[in-house]
Amino acid sequence: MMEAIVMDTDGIARALKRMAREIEERVPAGELGIVGIRRGGVHLAQRLQEKLTEATRGEVPLGTLDIALYRDDLSEHSSAPVVGPTDIRFPVSGRVIVLVDDVIYTGRTVRAALDELVDFGRPRRVLLAVLVDRGGRELPIAPDVIGVRLEVPEGEQVEVRLVEAGAARDLVILKPRGQA
Amino acid sequence: MIGRHRHLLGLEAFERDEIVAILQCAASMKEVLRRPLKKVPTLRGKGVVNLFFEASTRTRTSFETAAKILSADAVNWTAAASSLKKGETLLDTVRNIEAMRPDVLVIRHPAAGAPKFVADRVGCSVVSAGDGAHEHPSQGLLDLYTLAEHFSGVLRKGGIPDFGSIEGRTVVVVGDVTHSRVARSDLFGLTRLGARVRFCGPPTMIPPGVKELGASVFHGLREALKGADAVVMLRIQHERIGDPLIPGTREYSRFWGLDERKVQEWLGASCAILHPGPINRGVELSSEVADGVNSVILEQVENGVAVRMAILYLLAGGAQEPPAEGRTDSPAVARTRSANT
Amino acid sequence: MGEIILIEGGRVIDPANGIDSVLTVVLRDGRVAELREHVERPREARAIDARGKWVVPGFIDLHAHLREPGQEYKETIESAGRAAAAGGFTTVCAMPNTCPPNDNASVTQLILSRATAGTVRVHPVGCISRGQKGEELAEYGELKMAGCVAVSDDGRPVMSSMLMRRALEYARAFDLPVAVHEDDLVLAGKGVMNEGPVSTRLGLAGAPAACEEVMVLRDIALAELTGGRLHLAHLSCAGSVRAVREAKRRGLAVTAEVTPHHLTLTDEHLARSDYNTSFKMSPPLRSAADVLAVRQGLADGTIDCIATDHAPHSLVEKEVEFDEAANGVVGLETAFSVCLSLVRERVLTEKRFIEALTVGAAKAFLLEGGTLSKGARADLAVLDPELRWRCEPEHFRSKGRNSPWKGEALVGRCTHTIVDGRFVHEL
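Chains as they are written, first to last, in this note's numbering: chain A, 98 to 277; chain B, 111 to 451; chain C, 1051 to 1477.
In case anyone wonders, no lab produced these hints; they're calculated from the structure. You may find that some hints are simply not true.
In silico lysine-lysine, PhoX-like type, Cα no more than 25 Å apart, as pairs [to be verified]:
1) K1298(C) - K1413(C)
2) K1194(C) - K372(B)
3) K1424(C) - K1413(C)
4) K336(B) - K1194(C)
5) K149(B) - K267(B)
6) K372(B) - K336(B)
Looking at chain A on its own, in the form it has when it is part of the complex (with noise of 0.2 Å):
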């Protein structure tokens, strides 16, 4: 099987603009707080923190969490996984924080961002805003804003590919699994 085009750049920017209008409806402005998953969800919280900012007059601060220290899947990787860097550097207490991740699946990602977050300080409340769902989940996590739902056969994996990440254009595919 070949690799299938389910998101075009068109796509992925309209649902981009929708998901900022979500968050901006549900977060009062100057309590948000906006934190990239790595590596997926970094160019896309970026993203959407630049249309937060232009839409609420005000900055809102940008962040990024590497959660290969909070794995709960260490003991199954025979060399221990890259830790990229995390970079926090506004107060985590009293906001509201929006984690960015491009595609949540088992949800085990998620939970274990949620652990480092709350080793920063004490949100609010935390919001999780993905592009695409595919479903799958293994633990009881579900996303707030979700960009687009996805059914993914068996076999198959998704990938959103993003310029700023070294793509020709942005787009959301499927591919087999394994697949480079």
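Once you've looked at the hints, dock chains B and C against the given chain A.
For chains B and C alone, coordinates are given in the frame of chain A:
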């Protein structure tokens, strides 16, 4: 594992990308040190045993802190407290400790090669915290990290260093090179990352063969410091019984120590001054220099914890090697298993 | 200074520049201005008639005991300076076995301050080990900065091979030669003279020449290991000369000196003297074969220079039984005369002889001087090679009277000595 290595016994056997992998990981670990809550659950339930046969509060505390931040269980076993005084051999001591199933053994021993000896006979990962005059790999790594921070302009500012910035730089190591494991680890680490290393000290303190290992040799401090990008000052032992290497610390400090005047006249403004500690104030460094703007000694200490966190994470953070026979692995089996490095 | 001095018509022997001919030497402002066959004598010049005499660079002695500080009753820097000048020496290196020993800048500075008030140049030699105890290194950096030109523990050997190794290595950092008195004290035991047929006849305890040779061999090996500069003091036996010859052939930085007494006296002379303590020194007078070997060594350059090992003692130390007497003889005032015999006996050429007292010595200790090059400091001696005189120690400028040539008829004497263009001795 760090690349192909199950143990960290020295930097001589490490390739450039393996060293950079540790340093990159240390950069992420350093961020954890700056959090209000300095704890991550990563090595929860893993055991780290510090087995120190030489007195060292600083290195041991650094490893212990690193382990605890990663939520590992850290246990200290100093030679004085152990049954070693009753004449127990190194091997027996280690086997006893191994029977308690640690994940990482951190060993400091006065005999060169002792960590390797242990590593060949145990099932867990072994980290050398210094063996005789051979190597002190975690010190070498934290020196590299600090130098990279300095050369890429992120020192004291935060940010991830560019480890390629060490390439082409001139680093001078001053002091008793013959007896210094820090000098050796620094030499191996720096040459792997492309720096030019100079050794400087009285002729009695420079061992034969360092040129073949890649260092150039100077006896005059002033000449050695010309064009230096960084200086590592080694600690001088006040008295070495039976071997008169120098007349005394007074003459040493006059000709090979750094004071404010020499720093002003002989060092570039951007030259960093490092020291593995503890400092003999007034011997290797005057107080003004130790506390001055060029000194990055305190940054070295902070980076030491980050580097040791990275080492423990990389060695203990993944799957452990599965036991040879079934899940109940007896120490007898561990003995016969040969370890990979 | 400001003065013009002409030394006219003498045989100028300047081995450094390959000069050996009758010339007039012109000195101006304390420096050698020129050497010429015929020179108009300016009215304001002082002129010395040197016809029939030799005109040479002032002698350089790498090894003398000036006894100050601490033993001024034996000699002072002032009296030694006058003795040196009388012997044609313009530079003397002061050995550090004073009281206190010269292992720190204060003693070095004291020696230099006494010297500036005196006649000849004095270069202090610092100790190899603190207090000359043979255990810890002295502070060579400090000694060099204070003005020492070499380090030595003379009159003791460095028994510890470890210390000798470290001394050679550490001295490299400061470009200092390490000058050693070679004598294995354990092997020497109670010996007070050379072990051989003579010691047997005299019934005196002897120490074999091997005592010197084993240490020479050891230190040549250490010089090779460390790359340090080794200078062997007062070589006295054939084995040492052989070892140095081989070391030099291999290109090692080893230099050596020999004394006038080891070039001309044997243990037979000691026997004939009836236990005279003026024949007791360390290393002792050796066999005829050894004397032949050191003469040959000096002639072929294996031994670089002549050094007096001038060692003045008072009656207290010398007017006692042979066993109890201190080691050492004076030599500054007799060196030229005694060694001139080697020229007459055709063991040495005049050129080699003067070289051994001047530039040969300078090179071993990396010193300036020993030449009559244009612009060089005006340090010269005028010598009468035919002048006969009787050696009478009571008339010595040195306080020491312990000379084995007492009462001897000697040929050859220094008539004028000039340091920095000043006359410091005139006979």
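Against the structure shown, which of the earlier numbered hints fail to hold, in ascending order?
none
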